[in-house]
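Visitor: The chain contents come next:
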Amino acid sequence: MRLTCPFCGPRDRREFHYYGAADYLNRPGPEAAASAWDDYLHNRDNPAGVTQDLWYHEQGCAAWLKVTRNTVTHEILAVDAVAGGAA
Amino acid sequence: MRIDSKGRIDRSRPLTFVFDGTSYAGFKGDTLASALMANNVRVVGRSFKYHRPRGILTAGSEEPNALVEVLGPSNQTPNTRATMQELFEGLVARSQNRWPSLGLDLLEVNDLAAPFLSAGFYYKTFMWPRRLWEGLYEPLIRRAAGLGRLSGKHDEGTYEKAWAHCDLLVIGAGPAGLMAALTAARAGVDVILCDESSEPGGRLLSDEGAIDGLPAADWVAGVLAEMASLPNLRLMTRTTVTGAYDDGTFGALERVGLHRRPRPNLPRECFWRIVAKRSILAAGALERAIAFENNDRPGVMMASALSTYLNRYGVVPGKRIALFANTDSARNTARSLMAAGVEVAAIIDPREDAAEEPGTTVHRGAVVARARGRMGLREITIRKGASETRLSVDCLGVSGGWNPTLHLTCHMNGRPRWSADLAAFVPNDGAIPGMLVAGAANGSFSTHGCLAAGAEAARASLAALGMAAPMAALPQAEDAPYAIAPLWQVPTKKRAWLDFANDVTTKDVALSAQEGFTSVEHMKRYTTQGMAPDQGKNSNVAALAVLADATGRGIPETGTTTFRPPFAPVSIAAMGAGGRGAGFAPQRFLTSDRASRDRHAPMIEAGLWYRPSYFPKPGETTWRESCDREVMMVRSSVGVTDVSTLGKIDIQGPDAGRFLDFVYTNTFSTLPVGRVRYGLMLREDGHVLDDGTCARLGETHWLMTTTTAAAGLVMRHLDFVHQAFCADWQVRFTSVTEGWAQFAVAGPRARDLITSALGRAPGLPFMGCSDVTVQGIAGRLFRISFSGEEGYEIAVPTRYGEALFRDLIARAETMGGGPYGMEALNVLRIEKGFITHAEIHGRTTACDIGMEKMVSAKKDCIGKAAAARPGMTGPEREQLVGLKPLTDSPITAGAHLFAQGAELTRENSAGYVTSVGYSPLLKSHLALAFLKNGRARHGETIRLVDRLRDIDVLCSVTGPVFHDPEGEKLRA
Amino acid sequence: MPDLIAKPALGHAPLTLAGTTLTEEPQARITAIAPFPGQTDAVARALGMAFPAPGQVVESGGRSLVWAGRDIAFLIGDAPTVALAASVTDQSDAWVTLALRGPQAVAALARLVSLDLRRVQAGQCFRTGLNHMPLVLIVEDADRFRLMTFRSMAQTAWHEVQDALEKVAARAALTA
Amino acid sequence: MRYSGLKVFTEGLLGNRGWKPVWRDPAPKASYDAVIIGGGGHGLATAYYLAKNHGLTNIAVLEKGYLGSGNIGRNTTIVRANYFLPGNSEFYSHSMKLWEGLEADLNYNVMHSQRGLINLFHSDGQRDAFARRGNAMINQGDDAILLDRDGVRELLPYLDFDNTRFPIYGGLLHPRGGTARHDAVAWGYARAADRRGVDLIQNCEVTGIDIANGRVTGVQTTRGAIRAAKVGMVVAGRSSQVAAMAGLRLPIESHILQAFVTEGLKPVIDHVISFGMGHFYISQSDKGGLVFGGDLDFYASYAARGNLPMVEHVMEAGMTLMPMIGRARVLRSWGGIMDMTPDGSPIIDKTPIDGLFIDAGWNYGGFKAVPASGFCMAHLMATGTSHPVAARFKLNRFATGHILDEEGTGSQHNLH
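Protein chains in written order, with my numbering: chain F, 1 to 87; chain R, 1 to 972; chain A, 1 to 176; chain U, 1 to 416.
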């Protein structure tokens with residue numbers, strides 16, 4: 001599996017660390033209900049199909065990436081920098 | 001038997017080799033199989049289950065029978081395909097799965113007991129009495145099963161892994177692959193052409209055909225010559241593409257040194273990861289067998305293999321050969337044999353309309369009903385209608401048609417489809433993104449068809465790469481249509497083999513259907529068909545067809561066949577190259593490493609680092625003696641230890657304080673410049689991630705310290721929090737762990753030592769920090785302590801680390817101090833109740849370790865919300881306490897805690913011990929432990945029980961801080 | 001009072017196999033410059049050097065600015081003397097720099113690095129891995145490379161490059 | 001038909017013509033008392049224990065493919081009871097007891113072999129953690145022995161004790177740990193459930209779950225609607241999809257776990273061995289193949305196939321730990337789809353919908369759990385209350401913070 005890092009170009013999967021669903025980007029505010037935190041931390045759509053998840057280019061540029069890909073075919077549809085600023 | 005004038009072997013280079021203790025002669029260019037055949041060795045192996053004598057069936061990596069152990073100078077390689085093992089001078093091989101010898105194998109008794117060993121028999125018996133399973137039945141089964149032997153010795157061979165990148169990967173260098181690679185390379189793209197064999201050409205080397213009027217092998221030579229002139233084409237022979245993975249990544253195994261005597265540093269095998277923008281699978285096709293009674297006798301083999309042995313190796317396995325085939329391809333074999341002067345006694349062709357063949361008798365509409373000859377074929381029975389005739393032969397070539405070598409197209413869950421015309425599975429387009437399948441692998445079986453398909457696949461690949469390919473004239477070659485009348489089995493009441501390697505017969509498949517295992521997956525799993533070293537290459541399709549027959553369904557309704565990586569088995573050593581010994585993970589060395597080793601300190605692993613365990617002095621015979629001395633040294637004078645392994649993250653920017661407030665539970669933005677604060681970091685799920693100190697070096701400049709274990713984790717965490725939640729904050733962080741050598745100096749005389757080393761008094765309050773000049777070098781000084789004594793950490797650029805360490809311990813020794821290691825460091829921190837990852841092990845909350853007050857109520861921070869869940873706090877949870885045994889008894893980490901008098905059950909376990917050490921200061925063993933509601937139980941007596949090590953000790957529960965609980969020494 | 005003695009990461013003598021040489025480079029001044037969000041252009045102006053695009057090395061006045069990750073570059077040469085709207089850290093001691101130069105350099109790297117090195121040229125650099133180690137790979141030209149990895153891993157890095165070179169040389173000897 | 005050695009003998013004499021189908025092939029009825037979605041190990045075991053322990057026989061197991069087509073037939077066959085957190089300890093201990101009587105109970109040889117499992121440790125800290133675990137096992141009534149380096153050497157002399165990157169300090173031996181023949185477990189439960197009257201319906205995919213007024217009323221399938229007052233979802237690997245039919249969003253992410261088997265070899269590894277400093281565990285099957293595995297590929301996936309980085313890591317770990325396996329050749333690799341939960345422990349619980357139950361989240365420890373999982377799920381479906389040994393496997397424990405995190409890696413699904 002290869003991801004095209006927006007900074008570094010196409011790289012082997014072994015350069016990346018996987019975190020989880022892109023849900024982790026939507027951190028509830030400090031006053032959010034307990035159920036919002038439960039959803040944020042634990043519950044997942046977990047689709048058999050297109051999903052978005054978070055990868056860290058650990059053995060590379062150290063960018064956090066949001067990857068749009070298919071969990072059935074492993075097709076990579078898009079790779080975006082979480083913080084933007086991709087070259 | 002050799003045929004003069006035939007073959008591609010080098011008769012000028014004779015070689016000797018040994019098989020089963022007997023020395024034989026062969027030639028350069030032989031395989032072990034061809035050389036054994038030339039020496040008229042007919043039985044080369046024993047079958048898996050029935051231990052039947054077996055001969056060579058094929059000429060390729062799919063060989064199910066001729067598996068041998070190859071013996072090297074220091075080790076042996078089991079299950080080596082004699083058909084793939086190239087001969088070299090001094091090769092030594094041995095047959096396997098037989099006892100005592102290949103000729104006399106006592107386990108052949110299984111063959112007589114076959115009626116009781118039908119498919120899945122073991123699921124129905126050996127159940128009583130239960131204890132005899134592990135004691136008797138299973139050991140017997142295990143000993144009888146298996147094939148070759150590993151030596152049990154470490155594999156000291158040399159292996160490597162490598163990467164290769166290209167625009168186009170062509171898999172297989174037969175007519176389709178050569179044509180594809182040549183077409184693409186001429187257009188200028190980077191091409192890698194892999195072929196499993198030692199010599200490119202594929203079937204063009206095995207069959208006597210013509211291309212452009214030249215013998216096919218000459219055409220191949222011409223193509224190779226042109227390829228050699230193209231720098232953008234890389235030909236990799238002896239290289240099997242073993243797996244297709246995502247995004248154009250392929251695994252491939254190159255046999256680098258297996259065909260020659262070992263040489264220093266020359267790898268035996270190389271496992272390649274090939275990354276290709278496009279690929280063409282041109283792996284050809286595999287001939288398949290027909291099941292009939294005793295079709296596994298030595299001398300029964302694939303018709304196409306006969307051609308290969310004759311034309312590539314100049315050898316035939318018999319004097320009087322018959323062919324049994326339902327396609328025309330075996331006719332080429334017959335003609336080659338006859339042209340070479342070998343008697344072809346008959347061709348048995350089940351097709352009623354089969355053509356005559358000059359020079360031999362064709363039995364049309366007939367089948368071979370059985371073979372005879374336990375140690376080598378003597379006779380076949382030809383059945384036509386109700387009549388049977390016997391024919392004396394010593395070899396039978398069989399062809400049941402061809403299966404495209406589409407295995408790689410299944411590796412990404414692609415399923416092939418059934419072609420009724422070819423009576424074979426063919427690959428579906430797009431099964432592997434970017435891959436086209438060409439030639440026989442796609443069901444084009446004529447030479448012309450292969451050449452045309454190879455060229456076309458190259459053009460399509462070039463177009464996908466954005467390149468135009470000029471049309472070139474195709475070489476002229478035969479274009480015979482493929483005609484087949486499917487025939488999978490000849491009915492028999494006896495056994496007819498489908499899977500030679502696992503001894504699966506048509507009866508087993510029928511029994512599987514009879515018992516309701518009618519799904520093809522059930523059948524395979526029940527009979528073990530397809531699970532042997534040939535991975536079902538020889539039997540999957542036929543077994544499916546036989547199952548379809550048995551269940552009265554068509555083949556497409558019965559199911560499909562699939563293959564998983566690897567295409568051909570790959571050694572663990574090749575895919576694990578580099579992992580041997582210390583190669584498994586990088587080693588990280590401290591600048592003080594040499595100085596510590598000079599002092600005979602045993603070095604222990606701390607993550608990837610090596611740290612000194614203790615520094616033995618003359619006369620000390622145990623680690624405890626050294627440890628006790630080092631602890632007392634720190635408590636009474638001064639000790640020095642290397643703490644450079646701790647993570648150091650430099651944090652700069654106007655928003656740094658705000659950022660630290662967000663990632664730490666406590667507040668940092670209010671810390672004055674020149675001061676250090678202890679901080680606690682949570683995971684977002686509310687458990688403790690890490691702890692450490694953070695120093696404010698300047699108004700917008702901070703230095704965070706992490707534990708050794710969590711350094712990488714924390715860096716990743718900070719990057720995530722910043723990039724995901726506050727990317728616009730003016731703050732950046734950079735790891736500076738590697739840039740600084742940092743030493744802890746601790747003890748009542750620590751200040752004296754620092755004063756001596758700096759040439760001035762440190763002048764720092766507890767938890768203060770400043771820039772310093774250390775003997776002319778710019779460094780940093782922190783007044784922090786992990787021991788409970790007055791402590792400093794002094795840091796200099798890494799290049800000066802060794803010098804500073806040696807300098808500090810030399811100065812310390814003049815004060816009655818010296819270096820101390822991890823053991824003493826651990827005792828010191830236990831005495832002081834400081835935690836490590838033994839306590840913050842991932843299930844610990846701030847509350848559990850008594851730090852709930854460090855979670856600021858005034859601000860949000862990572863983990864705060866989740867830490868408020870009801871299950872995360874409360875007296876039912878285990879809380880950090882100290883334990884002191886009531887008697888002078890050793891105690892152990894990992895012991896559990898029980899109320900006195902409570903039965904030792906899971907339900908009664910009230911906690912467990914995380915860290916222990918012997919305190920020479922308090923002259924007692926001490927422990928840190930987690931105890932349910934522990935903070936309310938100080939003063940209680942609790943029972944510590946380690947049933948693994950027979951320890952049962954009463955302890956008093958205390959606070960976790962044993963030494964100087966008020967911290968007076970720290971602040972002195 | 002004696003000054004502290006500086007030690008190299010390894011102190012190894014150069015190694016040449018199959019015409020390809022592995023050396024430990026002398027320690028250079030390396031300054032990591034990580035502009036604060038939105039400040040990259042301002043940092044470049046203050047430095048008087050273009051801030052390198054990903055994978056690029058910018059050379060100017062005897063100094064090179066090596067792209068080293070997301071919004072970070074290593075200034076190799078004299079440290080900046082002006083204040084920058086960036087995090088600035090001295091990384092001189094954090095890295096060991098090995099050089100691999102010669103006709104088998106790419107073949108050896110193919111055993112260590114997962115990158116496509118087919119058409120690399122001077123002025124390129126990569127953040128990647130040297131097997132399991134972090135790596136900044138700087139291209140001097142098509143068969144000359146500098147490899148920066150963590151200083152504490154210098155021994156493993158040297159060993160693994162040497163091992164790759166030995167295998168490449170053993171293969172080369174077959175056809176020589 | 002009862003299986004025995006005598007039966008094998010007499011059938012052998014008679015040409016093996018008398019063997020009957022192991023299970024019936026019934027058409028689905030319009031209505032059952034209970035329906036179990038999923039004909040894998042857990043679903044079949046649930047059906048078996050519903051029939052055996054609770055007398056419920058008007059039930060069906062609905063399987064979209066063939067029986068045992070999921071992870072029950074794609075694992076490394078390890079059976080162990082070596083957990084240390086209350087909640088897990090008692091459950092796996094119960095499972096082990098069921099394993100030990102399984103052949104007699106099912107009249108099917110699942111080849112459960114208590115070869116002994118050894119978890120190696122490579123530092124003092126790891127030893128302490130394994131000591132805590134071993135004591136928890138003994139406190140639970142199971143067995144554990146702490147081996148030092150020499151003790152390990154005696155049992156496993158072929159490990160690399162001299163050069164391996166992370167020296168072997170010792171190991172925790174779990175003598176009752178071992179392996180079983182995975183497919184046979186599915187077949188044994190299926191056959192035994194069928195014999196008690198359970199309808200096992202293959203090629204029957206559930207396409208919808210019918211709910212009225214907060215109660216489940218049945219399921220829609222590719223073979224028609226089936227009414228049932230109780231429905232159990234036992235579909236690890238597809239849990240999120242099936243639960244979504246009932247409008248539920250689960251604390252589960254699906255990940256791939258690869259496993260590997262080598263060509264057959266004469267006996268060389270007698271135990272189940274697990275490496276403590278990398279992702280690698282291994283045993284040798286009765287057929288002679290070395291069966292081994294590692295960790296997840298780590299990215300969410302339903303592809304049931306892996307990629308090379310984890311393959312290579314596993315092989316490298318094998319080479320540093322036991323370089324004697326270097327010349328064994330990997331014959332086949334495959335991937336299973338794991339239900340990964342945020343704490344690595346499973347879920348056996350009611351759902352917010354009356355009559356709808358869930359058994360899911362087996363992470364990659366589902367094989368050994370099959371007997372107890374079926375036992376406890378059957379108890380829950382039959383009685384409406386959790387069995388005491390599965391009482392902590394609640395669906396809402398993440399919300400309440402009653403976490404069962406053996407690895408201590410936190411609420412990240414792929415880290416368990």
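Derived by calculation from the structure, the hints in this document are not laboratory data.
Incorrect hints may have been included.
[Claimed, not checked] Pairs of lysine to aspartate or glutamate, EDC-like flavour, derived with a Cα cap of 20 Å:
no. : chain 1 : residue 1 : chain 2 : residue 2
1   : R       : K493      : R       : D111
2   : U       : K20       : R       : D719
3   : U       : K97       : R       : E907
4   : R       : K124      : U       : D286
5   : F       : K66       : R       : D719
Visitor: Confirm or reject each hint.
Guide: Going down the list of hints, with the structure as the test:
| no. | hint | verdict |
| --- | --- | --- |
| 1 | R:K493 / R:D111 | holds (16 Å) |
| 2 | U:K20 / R:D719 | violated (63 Å) |
| 3 | U:K97 / R:E907 | holds (19 Å) |
| 4 | R:K124 / U:D286 | holds (16 Å) |
| 5 | F:K66 / R:D719 | holds (14 Å) |
In summary, the structure is inconsistent with hint 2 from the numbered list given earlier, while agreeing with all the others.
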